[in-house]
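Chains as they are written, first to last, in the numbering used here: chain A, 1 to 524; chain B, 1 to 82.
Check before you lean on any hint, since a few could be wrong.
As the list claims (entries may be wrong) - Pulled a few chain A residues facing chain B out of the computed Cβ check, cut under 7 angstroms:
no.	residue
1	Gly236
2	Tyr343
3	Met451
Stated by the list, open to error - Listed next, the stretches of chain A that the computed footprint assigns to chain B, with coverage defined by at least 3 CB atoms under 8 angstroms from CB atoms of chain B:
no.	region
4	122-130
5	145-151
6	499-513
Unchecked claim - Straight-line alpha carbon distances no greater than 20 angstroms define the calculated EDC-like cross-link-like pairs of lysine to aspartate or glutamate that follow:
no.	chain 1	residue 1	chain 2	residue 2
7	A	Lys110	A	Asp66
8	A	Lys7	A	Glu403
9	A	Lys7	A	Asp25
10	B	Lys77	A	Asp171
11	A	Lys211	A	Asp237
12	A	Lys104	A	Asp119
13	B	Lys77	A	Asp119
14	B	Lys77	A	Asp292
15	A	Lys211	A	Asp169
It is worth saying that the hints were derived from the structure and are not from the lab. No residue lacks a Cβ here, since even glycine has one placed at the ideal position from N, Cα and C.
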Amino acid sequence: MSVAAPKVDAIRVDDRGIWFRSSVDDVLDVCFDGRRVWSFWLQRDSDAAAGGRLAEWPSALVRFLDGSTRLSLVAHVSGATLYDEEVRLGSGDGRIAVVSPEGKPLGLDKSNRLSQTFDTRSAEDVAPLLDSIGEVLAAIREAGVEAFLAYGTLLGAVRQGALIGHDSDADLGYVSTHSHPLDVILESFRLQRHLSGLGYTTYRYSGIAFKVEVIEADGFRRGLDVFGGFIAEPVGDQPGMLYLMGEIGAAFARDWIYPLTTATLEGREFPVPAVPEKLLEATYGPGWRVPDPAYHFHTARPTVMRLNGWFRGIRVLRSEWERKHSSNRDRPVPDRPSALAQYVVAQEGVPERVVDLGAGRGGDALWFARQGAAVTALDFVPRAAAAAQALAEQGGVDLEVREVNLLSLRSTLAEGARLAHAPGDRVVVARHLADATNASGRGGAWRLCEMALRDGGRLYLEFWSGTPHRRREGQLLAAVPADTVVAELVARGAVIVHREETQVESAPGEPGRTLARLVAQWQR
Amino acid sequence: MAEVKKRVRPGLRRRVVDAVGGGLVSELLSRIDELEAAVEENRNLNLRVAELVDLVQELLVPVASQDRDKIDAAVAKFQRSL
């Protein structure tokens, strides 16, 4: 990246994206009516097209592109304007407004996600965030851990004493005194429990990273990420390596972190590492001083493998399901039972207790509760069933929604123990669970069922059966062979008491699909 | 490993390399796969053991009390802290 303006010719803007001729790579800001909404690298983020390059509109932006705007392309580093024209996209007549449903201006962050980036917010707007950072740092300190500003928040403080305009969240980090991953994980669990005990809502991403939710003065729910790290013991003559979730692996000295010093962020003092430049170089490489609003991490493969192996794997597909349920939130709760729910009642009558495992929006769970069952709806996105729970409360029927993460041993064992001691004859119903998770999630599910059904009751399963394929991006349900599921259940001590597979027609031109139904029990 | 495999794609080049090396390249690629899987399995134990230690540490004392209400409350509190 150079401070001189990049040479870019023949720029054309249309519904597909921004077409241009250029042989250099540099980062440009795309501004609508003078406000940055996106940034891209000329070469990295474009493809060869019609003798030039085409940077397609990012998918998150497409739905807004229906109307007119004054579109300017500004080289981020040099500030040179390379294009500045009134353009019309789509067929709309109004001005293009990239805003939230509440009318708040949005921009794309470095991962091309729509967010309220800081360049859209006033000093007054960001004051609650600064309060939250201070509050969470103090709460972590109370638990005996010295945390500091990390990632983009540290970069902003050190480089410009301010939040970075194209950033949208705040990150905190700490480096454990432990040198073994297992101890570092236990410390992170303890830290999260401490914050949870103080009343904060928390959300775990991995063995050593979690989010703390702070409710700001205007009611905005702010998530601050707390990334754990540690310096692994040197092996032989190798230097000690700092591993900080989720991107850093670098030869590092502890005294570059502790004792912490302070830096100014938006006029307030916050703790930062003793030599913050060292951590910034480990995070963003030697070019960290040059701003890049479309920065992509190039984490070294050995670091990714270590961080994955030690700490990750407890939230596979979770973001995808959260997005799915988030887009479904205005749809009414299904008021008709699924075929599986009807089958359960045909076989068992209305069970005294139903555990709906992978309850999703809770349509079946609510229906069972309305039939008179005591229902526990379990899902790793429990808010998906919030509407069903509200309807249950209104109707005075027995439905409790709880979070369970089948990829986490703690979560599975604790819920299994709870269900095992719940009174009443029970069934566990899991409709499209086996095909909604991976082998590890299924392992957790069968473990939980074994605990819940050890004194009797049956598991009713329904899922798409078929040759396993790698999930396509965005694909939530992926067929799993019924034989595989049967083998997993049998290995866990279950007896299969019923198995059927039904061919289901698909849309014209699509291959038919097989729906498997299994009933299992553990009663010996 | 994926990059290594891309560079030594199955096909003519790979067959030539294998023929010259007496199948050594294919064997080494499989052994790298096996080693990476074994390392991954070992690393995964950290989180698994930490989860178990945490669960035991948090619930053993209430369970030892043999007080049903205390145990139920401890399990519910534990779940909320995950």
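Against the structure, the hints:
1. For glycine 236(A), the interface hint is violated, the least distance from its beta-carbon to any beta-carbon of chain B being 18 angstroms, above 7 angstroms.
2. With a least beta-carbon distance of about 30 angstroms to chain B, the hint placing tyrosine 343(A) at the interface is violated under the 7 angstroms criterion.
3. Hint on methionine 451(A) is violated. Least Cβ distance to chain B is approximately 12 angstroms, over the 7 angstroms limit.
4. With 0 residues bearing a CB less than 8 angstroms from a CB of chain B, the region 122-130 of chain A misses the requirement of three and the coverage assertion fails.
5. Check result for the region 145-151 of chain A against chain B: violated, 0 residues qualifying (beta carbon to beta carbon below 8 angstroms, three or more required).
6. Closer than 8 angstroms: that is the beta-carbon criterion, and the region 499-513 of chain A has 0 residues meeting it against chain B, so the requirement of 3 is violated.
7. Between lysine 110(A) and aspartate 66(A), the direct Cα distance comes to roughly 23 angstroms. Violation of the 20 angstroms bound is thereby established for this hinted pair.
8. Distance restraint check for lysine 7(A) and glutamate 403(A): the Cα-Cα separation of roughly 54 angstroms exceeds the 20 angstroms cut-off, and the hinted pair is therefore not satisfied.
9. Our distance criterion of 20 angstroms between C-alpha atoms is met by lysine 7(A) and aspartate 25(A), whose separation comes to about 9 angstroms.
10. Restraint check: the Cα-Cα separation between lysine 77(B) and aspartate 171(A) comes to about 27 angstroms, which exceeds 20 angstroms; the hinted pair is violated.
11. Taken as a hint, the lysine 211(A) and aspartate 237(A) pair is broken in the structure, with Cα atoms around 36 angstroms apart against an allowance of 20 angstroms.
12. Only pairs whose Cα atoms come within 20 angstroms are accepted, and lysine 104(A) paired with aspartate 119(A) is accepted, the gap being roughly 12 angstroms.
13. For the given pair, lysine 77(B) sits about 40 angstroms from aspartate 119(A) by alpha-carbon distance, which is inconsistent with the 20 angstroms threshold.
14. Proposed proximity of lysine 77(B) and aspartate 292(A) is contradicted: the alpha carbons are some 44 angstroms apart, above 20 angstroms.
15. Distance hint between lysine 211(A) and aspartate 169(A) is fulfilled; the C-alpha atoms sit about 11 angstroms from each other, no more than 20 angstroms.
The structure fails to meet hints 1, 2, 3, 4, 5, 6, 7, 8, 10, 11, 13, 14 from the earlier list, while all remaining hints are met.
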